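Asks: Hey, can you work out the whole structure from these sequences and the hints?
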Amino acid sequence: MSLFKRKPSSHAAADASLRKKKVALVGNPNVGKSALFNALTGAYVTVSNYPGTSVEVSRGSALIEGEPCEVIDTPGMYALLPITEEERVAREILLTERPDVVLHVVDGRNLERMLPMTLQLIDAALPVILVVNIMDEAERLGLTFDFPLLSEKLGVPVIAAATAKKRGVDDIRRAIRGYRLGSHAVFGYSRRLEGDIEQIARMLQGEYPLSNRSLALLLLQRDEEVAALVRRTEGDTYPAIEELVREVTFSRRETFHLDLSMERKAIVTALLQGVLQLPDKRRVTMGERISNLAVRPLTGVPLLLIVLYFGLYRFVGDFGAGTLVDFLEGTLFEGIFNPWISGLVKDFIPWWAIQELLVGEYGVITLGLRYAVGIILPIVATFFLFFSLLEDSGYFPRLALLVDRVFKKIGLTGRAVIPMVLGFGCDTMATMVTRTLETVRERIIATLLLALAIPCSAQLGVILALLSKTPGTLLVWGACLLLIFLVIGFLAARLMPGETPMFYMELPPMRMPQLSNILTKTYTRMQWYFLEILPLFILASFLLWLGKITDFFAKLVDWSTPAMHLLGLPKEVAVAFIFGFFRRDYGAAGLYDLQTKGILDPRQLTVAAVTLTLFIPCVAQFLVMKRERGWKVSLGIGFFVSGLAFGSGYLLNQFLLVTRLV
Amino acid sequence: MIRCGYCGHEFPEEEGIRSCGRCGKPGSCRMVRCPRCLYENLPEPQVIKKIKKVFGSQK
Ligand SMILES: [Zn+2]
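Note that the protein sequences, when read in sequence, are chains A and B.
Count the first sequence with this note's numbering and you get residues 1 to 662, in order.
Count the second sequence with this note's numbering and you get residues 1 to 59, in order.
To be clear, the hints were calculated from the coordinates, so they are not data collected in a lab.
Note that the structure is a prediction, hence the values are computed from the model and not measured.
Warning: the hint list may mix true and false statements.
[Said to hold, decoys possible] So the derived list for chain A, only partly shown, Cβ under 7 Å to chain B, looks like this:
(1) Glu391
(2) Phe396
(3) Pro508
(4) Lys521
(5) Thr524
Just so it is clear, CB atoms sit at the ideal spot from N, CA and C, and this is done for glycine as well.
Replies: So this is what it looks like as structure tokens:
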């Protein structure tokens with residue numbers, strides 16, 4: 001896409017008196033821009049794709065207070081720094097069409113969220129009129145505004161409107177007619193940021209459609225289109241500018257985006273002092289307070305631990321895997337259902353092999369169904385409930401930002417946070433998402449770490465449940481995984497040097513999770529999960545049964561006995577590892593079963609859990625790995641992970657034997 | 001409209017990335033991935049859609 005094509009400037013002056021006045025509407029999606037566009041233009045509208053893109057742009061003619069105008073409705077944008085194609089087009093319109101008036105339409109109910117973009121537009125020296133829309137709703141919420149004060153603080157006209165109800169449209173027309181670009185407000189950032197901006201802005205000599213200040217900020221945010229524009233305009237002096245930008249971004253690469261967005265938020269808070277009155281009930285914005293706590297390492301880490309303790313340990317572990325599983329698996333299945341169905345089958349089906357298939361040691365009903373319904377169901381139900389709660393509250397992006405800092409410390413890319421967070425849902429999916437990472441190096445590291453140290457939600461749930469019965473073990477397990485994750489990440493970063501790209505995401509607001517949302521999500525996830533796993537559990541039971549009656553299974557267990565003994569584990573644990581290859585959670589459920597039978601002491605349990613978590617990914621994940629990274633890399637990862645899993649298990653066992661920690 | 005569980009981006013269900021058929025899940029994966037950050041989101045269950053239709057609210 002060719003951005004910033006500038007019209008020859010000699011024409012611009014001559015045309016100014018002749019050409020129609022241009023009015024551009026900008027703003028987030030869903031703020032009522034289209035309603036305003038329709039109200040201003042009436043019938044004469046054309047909708048066409050923006051050249052070279054699939055993005056639609058509407059244009060219309062209007063007679064505003066007797067003056068002919070062209071009105072352009074731009075695609076939704078969230079910031080001057082574009083991410084999506086829509087945002088790119090919206091910015092290109094702002095810059096290449098040089099509108100005489102830019103109407104920034106915002107949602108009055110969320111002024112605080114919307115104003116950062118107003119700041120950017122004003123900072124860029126664009127001719128802004130702020131339209132605070134959806135005022136009817138805002139008033140119903142009890143919000144009161146002092147718009148003259150806001151206008152004075154911003155240095156631009158501010159108009160209250162409810163365009164869906166045609167309210168304020170006349171005021172907007174008058175403001176467009178009377179608009180004169182005067183001096184606008186300049187918002188001061190912190191001294192350090194101002195220093196950076198000024199240094200770069202001072203070096204810019206050319207003539208641009210944006211203010212130098214705003215260009216400097218975009219350069220610092222690594223906006224490639226702006227960089228290309230500056231390169232073209234500045235010519236010989238560009239390398240010096242590029243060097244300076246690189247220096248500044250390098251020295252602040254960890255925090256620049258976060259700092260900038262925090263500073264903008266602080267400015268908006270100050271702007272709204274005296275402008276916005278919240279009704280008494282809504283004054284406490286708990287969400288924001290929690291949000292700030294969650295992204296700062298000093299408070300974010302303890303907060304994360306609290307969340308994990310109550311959410312995973314107490315709720316999933318104690319309640320789901322303790323109380324609920326005891327009832328379903330212990331009382332219902334072992335106590336009532338299994339003896340009944342076993343008796344029934346043995347009475348009516350004389351053949352031993354079929355009896356075994358249905359109700360034997362690895363029977364489809366007595367093992368497959370019992371695992372699925374008795375153990376996995378209550379655990380994933382509580383886990384999904386907790387997961388949906390976090391998701392709905394908007395905590396995940398904060399977690400990503402928090403973890404991002406740690407990642408960078410060990411030389412991992414911040415972007416990899418996304419697949420890692422997804423990995424806790426399903427590693428198979430997450431492995432696929434690694435293709436969004438920028439370099440092959442990152443993709444391989446991320447794939448490796450996913451296969452190695454990130455348990456999927458079902459496995460995580462079962463393992464937490466398993467270990468939370470003997471508390472010390474959970475700590476050792478967590479510490480081991482974290483240590484291995486960090487060490488391997490650190491080594492990978494050392495062995496494969498390269499630049500760490502920036503990671504940035506706009507934080508959506510935190511909000512009170514809604515019960516209906518959480519329940520719907522939990523229900524849907526569980527339904528799908530079950531449709532997906534039940535056939536697999538049955539298939540696995542079948543294969544295990546086949547292994548048993550042909551004695552192949554016993555041989556497999558015998559073969560792995562030496563390995564189990566090296567880990568200090570009884571040979572029965574080999575069964576869990578074999579299960580684990582079918583599905584991660586199946587293996588964990590096998591371990592759960594062994595523990596209930598009292599075969600494992602806490603030390604053995606810990607060693608088994610650590611080894612199993614690290615151990616090879618399930619079949620599905622392996623297949624995706626093969627498809628995404630090819631045979632060589634995925635087999636390499638498979639062997640490396642298995643070796644590392646057993647090696648770590650061995651060392652951990654020795655360590656625990658010596659220290660008697662658990 | 002789906003509100004992305006990760007980045008908060010709101011998008012119509014048709015705009016999400018669907019059933020690429022490559023995640024290796026048995027059957028077909030019904031998740032809708034956010035066009036902005038690729039997070040897996042659940043589509044709105046049919047039941048809820050119907051209820052909303054009955055009550056005629058848009059959001
Ligand atoms: Zn998203």
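Asks: Does each hint hold? Answer for all of them.
Replies: Hint check results:
no. : hint   : verdict
1   : Glu391 : holds, 4 Å
2   : Phe396 : holds, 5 Å
3   : Pro508 : holds, 2 Å
4   : Lys521 : holds, 6 Å
5   : Thr524 : holds, 5 Å
The structure is consistent with each of the numbered hints, conforming to all of them.
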